[in-house]
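Protein sequences, first through last, are from chains A and B. Sequential numbering from 8 applies to the first sequence in the working numbering. Sequential numbering from 8 applies to the second sequence in the working numbering.
Since the hints were derived computationally from the structure, they do not count as laboratory data. A few of these clues could be false.
Put simply, identical chains are the same to the list, so a pair is met inside one copy or across any two.
[Claimed, not checked] BS3-like mimics (lysine-lysine), calculated; alpha carbons at most 30 angstroms apart, straight line: (1) Lys157 with Lys352; (2) Lys45 with Lys262; (3) Lys255 with Lys394; (4) Lys352 with Lys276; (5) Lys394 with Lys157; (6) Lys352 with Lys262; (7) Lys276 with Lys157; (8) Lys157 with Lys255; (9) Lys45 with Lys276; (10) Lys262 with Lys85; (11) Lys276 with Lys255.
Number of protein chains: 2
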Amino acid sequence: MNPLASPLLTDLYQLTMLQTYFAAGMRDTAVFELFVRKLPDNRNFMLAAGLDQALEFLEGMRFGDEELAWVEQSGLFKPDFAGHLAGLRFTGDVHAMPEGTVFFPDEPVLRVVAPMPEAQLVESRLLNLVHFSSVVATKAARSVLVAPGKLLVDFGLRRAHGAEAGLLAARSAYIAGYAGTATVLAGAIYGIPLFGTMAHSFVEAHDDEAGAFIDFARAFPGSTVFLVDTYDTLEGVRKVAALAPKLKREGIAVKGVRLDSGNLAALAKQARAILDAAGLRDSTVFASGNLDEYRMAELLAAGAPIDGFGVGTSLVIAADAPSLDAVYKLQEYAGRPRRKRSAGKATWPGRKQVYRHYARGGGLDHDVVALEDDAQPGEPLLAQVMKGGRRVAGAESLAAMRERAARSLAALPAPIGALDTAPRPYRVEIAPRLRALAEELDRGMAQPLATAP
Amino acid sequence: MNPLASPLLTDLYQLTMLQTYFAAGMRDTAVFELFVRKLPDNRNFMLAAGLDQALEFLEGMRFGDEELAWVEQSGLFKPDFAGHLAGLRFTGDVHAMPEGTVFFPDEPVLRVVAPMPEAQLVESRLLNLVHFSSVVATKAARSVLVAPGKLLVDFGLRRAHGAEAGLLAARSAYIAGYAGTATVLAGAIYGIPLFGTMAHSFVEAHDDEAGAFIDFARAFPGSTVFLVDTYDTLEGVRKVAALAPKLKREGIAVKGVRLDSGNLAALAKQARAILDAAGLRDSTVFASGNLDEYRMAELLAAGAPIDGFGVGTSLVIAADAPSLDAVYKLQEYAGRPRRKRSAGKATWPGRKQVYRHYARGGGLDHDVVALEDDAQPGEPLLAQVMKGGRRVAGAESLAAMRERAARSLAALPAPIGALDTAPRPYRVEIAPRLRALAEELDRGMAQPLATAP
Chain A
8 MNPLASPLLT DLYQLTMLQT YFAAGMRDTA VFELFVRKLP DNRNFMLAAG
58 LDQALEFLEG MRFGDEELAW VEQSGLFKPD FAGHLAGLRF TGDVHAMPEG
108 TVFFPDEPVL RVVAPMPEAQ LVESRLLNLV HFSSVVATKA ARSVLVAPGK
158 LLVDFGLRRA HGAEAGLLAA RSAYIAGYAG TATVLAGAIY GIPLFGTMAH
208 SFVEAHDDEA GAFIDFARAF PGSTVFLVDT YDTLEGVRKV AALAPKLKRE
258 GIAVKGVRLD SGNLAALAKQ ARAILDAAGL RDSTVFASGN LDEYRMAELL
308 AAGAPIDGFG VGTSLVIAAD APSLDAVYKL QEYAGRPRRK RSAGKATWPG
358 RKQVYRHYAR GGGLDHDVVA LEDDAQPGEP LLAQVMKGGR RVAGAESLAA
408 MRERAARSLA ALPAPIGALD TAPRPYRVEI APRLRALAEE LDRGMAQPLA
458 TAP
Chain B
8 MNPLASPLLT DLYQLTMLQT YFAAGMRDTA VFELFVRKLP DNRNFMLAAG
58 LDQALEFLEG MRFGDEELAW VEQSGLFKPD FAGHLAGLRF TGDVHAMPEG
108 TVFFPDEPVL RVVAPMPEAQ LVESRLLNLV HFSSVVATKA ARSVLVAPGK
158 LLVDFGLRRA HGAEAGLLAA RSAYIAGYAG TATVLAGAIY GIPLFGTMAH
208 SFVEAHDDEA GAFIDFARAF PGSTVFLVDT YDTLEGVRKV AALAPKLKRE
258 GIAVKGVRLD SGNLAALAKQ ARAILDAAGL RDSTVFASGN LDEYRMAELL
308 AAGAPIDGFG VGTSLVIAAD APSLDAVYKL QEYAGRPRRK RSAGKATWPG
358 RKQVYRHYAR GGGLDHDVVA LEDDAQPGEP LLAQVMKGGR RVAGAESLAA
408 MRERAARSLA ALPAPIGALD TAPRPYRVEI APRLRALAEE LDRGMAQPLA
458 TAP
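With the rest of the complex left out, here is chain A (with noise of 0.2 angstroms):
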């Protein structure tokens, strides 16, 4: 069994749920829309990512034989439902805005059209996907925003939740434009460019730091970036200036010196001027430790002449957003549209096309919130890419999405697109027959509405 493929990657409610549906015959079509409610106080924007992911799920979802022993021996289910499962695949329709998409509140990023057992059983899962990679993609698209024309890498793996959370994470900043990840695995699988040059313990386990630096320019002549602050960062800077003719005459060229700790904006300018003073203008000045886009703008701010930076844990567990209000919400059953009513948990019923509108100069306006039927002027931002269980084209590249991304973070308006939260959000309109069908669903409901605060 693959855990990240298992269809028991959900929750026992789904798999209670689907026995009672199956029980009781209800396999009428149901249609789920993956929507944020309410974004976190300090982001303006969203960006999509883990559609592929999403997909790639759904066209696999079977129970294998290892779960359907689990099913039948947890005493938890009726002898049948075993049965139920084995044949269960996943036939239903997806639309969706492709990844690199800027999105907002009340946006549907994703529908599922499917019979209820199948698209009910998949929510924890394509919800798991998808908030995590959208998560992290809006963090890396934040320093992507403050530090451009920077190289940005991602150093998060040992602190991510996880290792899909590190391969995930890799992918998601690689999408929202940076430069590419230390996490290897994720190289080997997406095929993001890898960067990375030595730790503290390397320089450590050499008796002096020379040595250290020598050994390792010798071993990787084209990746000669030199980790300064093992032991005293300027006096690491002035080793590898030092070292910089002997290197040469051996073909070498020093590319540049990573800081990872102390004054960052200091040690950069005094970094600087050695290695300038030493003629190596062409080397650079790579920063990490600790940082994140406000440490970042704050270190470009003060004119620290940092070429590039590493960013982990911050970003990989995007510690500032760490989740988004996702949720999976059932929009229409049997023809008929839903809508749950719960105190602050009100959902716009229906199936829903978003449409966006530019300004004059082509940056973003503002979107529409539409009935699928009830079409608008405007960019419809969600498509289909799955008919019957099947995607209708192959997947797309990184390199689309980070297009894609780059233009879309380009076009965002300068108060959306700072870090500080903006004075007001985008306007997210809802449109009047959407808004109508709502009221007309709470009018014709038995129920009055919750009115508990």
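Once you've looked at the hints, dock chain B against the given chain A.
Just chain B now, kept in the frame of chain A:
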């Protein structure tokens, strides 16, 4: 290739260092220790978890054909590198604190003693596994401490950071004292008890709420906890009360109701009153919806008659402390102790043991960190778990880890076990010989101590 077990689940610099170690013949014994440098402001202790996964990774670590093929065609390494990797296994020794042990900053929770290339390569994945599992175990322990005797269930899969995070979070929460999880695959893989009821979509898919409840009760007569807030919470509770006699005639008892939105304290009291008035005194009130340990403490302090809590996002992402300053540092190489002295990141050198001292009443008093060969009074916390690349004993049961965690948590001094930051941190002493060794190393090195702020 199983991505969760791949040795490519590492940072590129581990591989570049490996190539250099191979080229320079640096295969002497290295000693690395995994520890936390500093606690987040809102944590007074940590709970260790993830060791079993770490040992499984070490035992199975090998480069398969796919991985070797990638290394060869990546263009990043010298031609003979893949050959070195093909034969690489983890052959080292591991000492560790068992899972469910409370630990504090500067205390090694895991020590690896192995030839340098092996010990270096596994850094990223060991940290990735032990860091996250301990982050969630610690978070879960805090809710166990504020809600003694309550049924706590992990609901977090959908917003966990990927699949492995969902699985490991369920496991860590169970070790810390949760009753179980909703994540089915965690039940199937680890044998953790599973909990679950129904989703709002289930109620919405039915044309009336009572019909949904009846369908569910007939399918799961033993799990009749009804989700009552889809439309109007108290109306929902009244429907459950009204259905109870009918269900009773079918031999089905109402186990309880689940509240998932609104003012939970007020609704719990009203729901309890409705259930009691209907003679359903044995049925329970279960609450969920954006809960964490702070909110649970408030609800219980307000006298809310809640019997159990479902905790999702805040638990599995450890929202208020989603990472720890956990590191894996070289402490000795080729028989010589090593010390990193980067500004703010200096380490204690050498192989170490942690000794725990208890107060008269059985509570924790203080710990002492000492060199391994400098035996001290107190309870030693690290034990050998792997020798020559093989475990010295079979995997420990989750039940044993839970028991240890329960004992550990019960022994915490009150201010350390409280939600608020303790006025004084728990006392961790550095033994005199260890302190002397660190000073000696500083004096013996050619470079002056780092002076950057």
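Taking the hints in turn, this is what the structure says about them:
1. Proximity of Lys157 to Lys352 under the C-alpha cut-off of 30 angstroms is restricted to the inter-copy arrangement: shortest distance 26 angstroms between copies versus 41 angstroms within a copy.
2. When the C-alpha separation of Lys45 and Lys262 is checked against a cutoff of 30 angstroms, the pair qualifies neither within a copy, at 45 angstroms, nor between copies, at 34 angstroms.
3. With identical chains, the CA atoms of Lys255 and Lys394 are never at most 30 angstroms apart, being 59 angstroms at best within one copy and 45 angstroms at best between copies.
4. For a Cα distance limit of 30 angstroms, the shortest separation of Lys352 from Lys276 across copies, 22 angstroms, qualifies, whereas the shortest one inside one copy, 51 angstroms, does not.
5. Neither within a single protomer nor between protomers do Lys394 and Lys157 lie at most 30 angstroms apart by alpha-carbon distance, with minima of 41 angstroms and 46 angstroms respectively.
6. Taking identical chains as interchangeable, the C-alpha atoms of Lys352 and Lys262 lie at most 30 angstroms apart only when they sit on different chains, with a minimum of 26 angstroms there against 54 angstroms within one chain.
7. When the C-alpha separation of Lys276 and Lys157 is checked against a cutoff of 30 angstroms, the pair qualifies only within one copy, where the shortest distance is 16 angstroms, while the shortest distance between copies is 56 angstroms.
8. When the C-alpha separation of Lys157 and Lys255 is checked against a cutoff of 30 angstroms, the pair qualifies only within one copy, where the shortest distance is 26 angstroms, while the shortest distance between copies is 68 angstroms.
9. In this assembly of identical chains, the alpha carbons of Lys45 and Lys276 lie at most 30 angstroms apart only when taken from different copies (29 angstroms versus 42 angstroms within one copy).
10. Proximity of Lys262 and Lys85 under a CA criterion of 30 angstroms is satisfied inter-copy only: 19 angstroms between copies versus 65 angstroms inside one chain copy.
11. Taking the shortest alpha-carbon separations for Lys276 and Lys255, only the intra-copy value of 24 angstroms comes in at or below 30 angstroms, while the best inter-copy value is 78 angstroms.
Checked against the numbered hints given earlier, this structure breaks hints 2, 3, 5; the rest are met.
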